[in-house]
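Q: Listed here are the chains, written in short residue letters.
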Amino acid sequence: MKLLLDATRCQGYGLCQEPAPELIDLDEWGYAQPRGTTVPEGGEEAAAAAVAACPNSALRLVK
Amino acid sequence: MTGVFSLLPEGRPGLLEPLLSGAWLSGSGEDLPRYLAAGGYAPLPEPGRLLDRIAAAGLRGRGGAGFPAAVKLRAVRDAPGLPVVVANGEEGEPGSVKDRWLLRHRPHAVLDGLRLVAAMTGAGHGCVYLSDAPAERAVRRSLAERPTELRIDVVRTEHTYVAGEETAVVRRIDGGPALPTAKPPRPFESGVGGAPTLVANVETLARIALTHARPEAAEAVAGAHLVTLSGTNREGPTVGGGAALAEVPVGTHLKVLADLCGHGGADSVLLGGLFGGLHGAGWPDLPLDHDRLSAAGGALGCGALYFLHPEDCPVAVATEATAYLAAQSARQCGVCVSGTRALAGTLTDVARGAADAGTSDKLHRWSRGLPGRGACGLLDAAARVVGTLLAHFPDRVDGHRNAACPACAGPAPEDGRRFTVPVP
Ligand code: SF4
Ligand code: SF4
Numbered sequence: 001m002k003l004l005l006d007a008t009r010c011q012g013y014g015l016c017q018e019p020a021p022e023l024i025d026l027d028e029w030g031y032a033q034p035r036g037t038t039v040p041e042g043g044e045e046a047a048a049a050a051v052a053a054c055p056n057s058a059l060r061l062v063k
Numbered sequence: 001m002t003g004v005f006s007l008l009p010e011g012r013p014g015l016l017e018p019l020l021s022g023a024w025l026s027g028s029g030e031d032l033p034r035y036l037a038a039g040g041y042a043p044l045p046e047p048g049r050l051l052d053r054i055a056a057a058g059l060r061g062r063g064g065a066g067f068p069a070a071v072k073l074r075a076v077r078d079a080p081g082l083p084v085v086v087a088n089g090e091e092g093e094p095g096s097v098k099d100r101w102l103l104r105h106r107p108h109a110v111l112d113g114l115r116l117v118a119a120m121t122g123a124g125h126g127c128v129y130l131s132d133a134p135a136e137r138a139v140r141r142s143l144a145e146r147p148t149e150l151r152i153d154v155v156r157t158e159h160t161y162v163a164g165e166e167t168a169v170v171r172r173i174d175g176g177p178a179l180p181t182a183k184p185p186r187p188f189e190s191g192v193g194g195a196p197t198l199v200a201n202v203e204t205l206a207r208i209a210l211t212h213a214r215p216e217a218a219e220a221v222a223g224a225h226l227v228t229l230s231g232t233n234r235e236g237p238t239v240g241g242g243a244a245l246a247e248v249p250v251g252t253h254l255k256v257l258a259d260l261c262g263h264g265g266a267d268s269v270l271l272g273g274l275f276g277g278l279h280g281a282g283w284p285d286l287p288l289d290h291d292r293l294s295a296a297g298g299a300l301g302c303g304a305l306y307f308l309h310p311e312d313c314p315v316a317v318a319t320e321a322t323a324y325l326a327a328q329s330a331r332q333c334g335v336c337v338s339g340t341r342a343l344a345g346t347l348t349d350v351a352r353g354a355a356d357a358g359t360s361d362k363l364h365r366w367s368r369g370l371p372g373r374g375a376c377g378l379l380d381a382a383a384r385v386v387g388t389l390l391a392h393f394p395d396r397v398d399g400h401r402n403a404a405c406p407a408c409a410g411p412a413p414e415d416g417r418r419f420t421v422p423v424p
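Protein chains in written order, with the UniProt record's numbering: chain G, 1 to 63; chain S, 1 to 424.
Just so you know, these hints were derived from the structure itself, not from any lab.
Yeah, the Cβ is synthetic: ideal placement off N, Cα and C, and Gly gets one too.
Errors might be hidden in some of the hints.
Stated by the list, open to error - List of simulated lysine-lysine pairs, BS3-like, C-alpha gap at most 30 Å:
| hint | chain 1 | residue 1 | chain 2 | residue 2 |
| --- | --- | --- | --- | --- |
| 1 | G | K2 | S | K183 |
| 2 | S | K183 | G | K63 |
| 3 | G | K2 | G | K63 |
| 4 | S | K362 | S | K183 |
What the hints assert, rightly or not - Pairwise CB distance ranges, derived in the manner of DEER restraints:
| hint | chain 1 | residue 1 | chain 2 | residue 2 | range |
| --- | --- | --- | --- | --- | --- |
| 5 | S | P249 | G | G30 | 46 to 52 Å |
| 6 | G | R60 | S | D153 | 28 to 34 Å |
| 7 | S | D356 | G | L26 | 23 to 29 Å |
| 8 | S | G81 | G | K2 | 20 to 26 Å |
| 9 | G | E44 | S | D259 | 37 to 43 Å |
Start from the sequences, fold in the hints, and give me the full structure.
A: Laid out in structure tokens, this is it:
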């Protein structure tokens, strides 16, 4: 599974990082920075929670 | 003044040669009867054979990324749906003129290429995408002069740094703003109206037309590049030089290109328009070649080169480049707005001697961390300018902390005028 960020939608709310701290970093301006596109084994639930947490639908999961 | 030159060996077919020799000029445009006599618009009974020939010759796209043309053609052909083909003539790099020149002076070659890629992909509809008014007139005149079987629309866009990016092209043709979108999907999967779409640079299309007209020369055609050469152009007897549009064989040493446009005294170069970074020692022996320039930490991009003289300050040039990119940011991606502003602002501090010990670390961190984070390549360009400045000119950067630099006095202009080349 891949966790993809649409940079045009990310507003830097930072809400995605809370449920998925090991998948997503926030940069110095607060914008999300996924650590890699491929979600590591066992990280699927956190990734889905991050997607759900973003108020701007900036994150998506694809097979 | 921008000169026009060909460095291709005698007798090798090129895109500039017929016009340089004056053979094809009628009024201000390409002469249709002569274009037809030279093999233009020849029937294409077996599109698959032309595609194989393009693949074998190794033709790569000329918009900047250098992606193999045949791979893109096959991806569009094989995607589900009726494809759309687009001739992309919107060159956003201020230092490049080749695409506008081609549309103005070789419109038939571009339109011929467009109907050939439509045949190879099975497309039912074509578009010419551009912003240049003289180019639009030339294209419309040529379409009226020789209508093609393919339905071709001309779509006018605004001239910005990102308007020619392939997803911006699709969005504009679909009636939206000429701004990039997040990928995937790429246009070959879902482009104009959701159809698989080939967005092809106009030089790529002209090379495909020339390959069809001169199949025996396919490799030579694929191995030639249109380049735009320019550099610091000051009044005065010792420093100077002009700008040039040239067609040159792949592998030509950059030193030869500097000499060609009167910048033989240059000591560094900005590659790929603003996309390929600054290069110092060793640059004269670098060959004009996608892979070799990438291996050197640069990029050929659209083939625009800007030469710097010893009197120039690479910090000043990098500051102007990043200030221009920050101003051209489409302001869609927060990271691009904040990132380009941080890069340009911090370089301005360096230029004014206001940098401290931590400044270089910050610039290093951004130049490594920002690439790939925006929806398009603008942020990557700004990061590469800064990364190559730090890597290749560390002493020049440090020098600004001890002594005021006359070249860096005053605010960096955001209009990119230094890099802008007039279309010949
Ligand atoms: S929650 Fe959404 S908008 Fe906020 S930082 Fe994360 S991805 Fe960006
Ligand atoms: S990276 Fe910058 S220029 Fe490109 S789409 Fe995002 S905001 Fe616009």
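Q: Decide, hint by hint, whether the structure agrees.
A: Evaluated hints:
1. For the hint linking K2 of chain G to K183 of chain S, the alpha-carbon distance of about 13 Å falls within 30 Å, and the restraint holds.
2. Taking the CA atoms of K183 of chain S and K63 of chain G, the gap is near 15 Å; set against the 30 Å cutoff, the hint holds.
3. Simply put, K2 of chain G and K63 of chain G have alpha-carbon atoms about 6 Å apart, close enough for the 30 Å limit, and the pair holds.
4. Restraint check for K362 of chain S and K183 of chain S: the C-alpha separation of about 29 Å stays at or below 30 Å, so the hint holds.
5. For the pair P249 of chain S and G30 of chain G, the beta carbons lie near 49 Å from each other, so the given range of 46 to 52 Å is met.
6. Between R60 of chain G and D153 of chain S the beta carbon distance is about 32 Å. The supplied range of 28 to 34 Å therefore holds.
7. At roughly 25 Å, the beta carbons of D356 of chain S and L26 of chain G sit within the given window of 23 to 29 Å.
8. Restraint check, G81 of chain S to K2 of chain G: a C-beta distance of roughly 24 Å satisfies the suggested window 20 to 26 Å.
9. A hinted range of 37 to 43 Å for the beta carbons of E44 of chain G and D259 of chain S is inconsistent with their spacing of about 59 Å.
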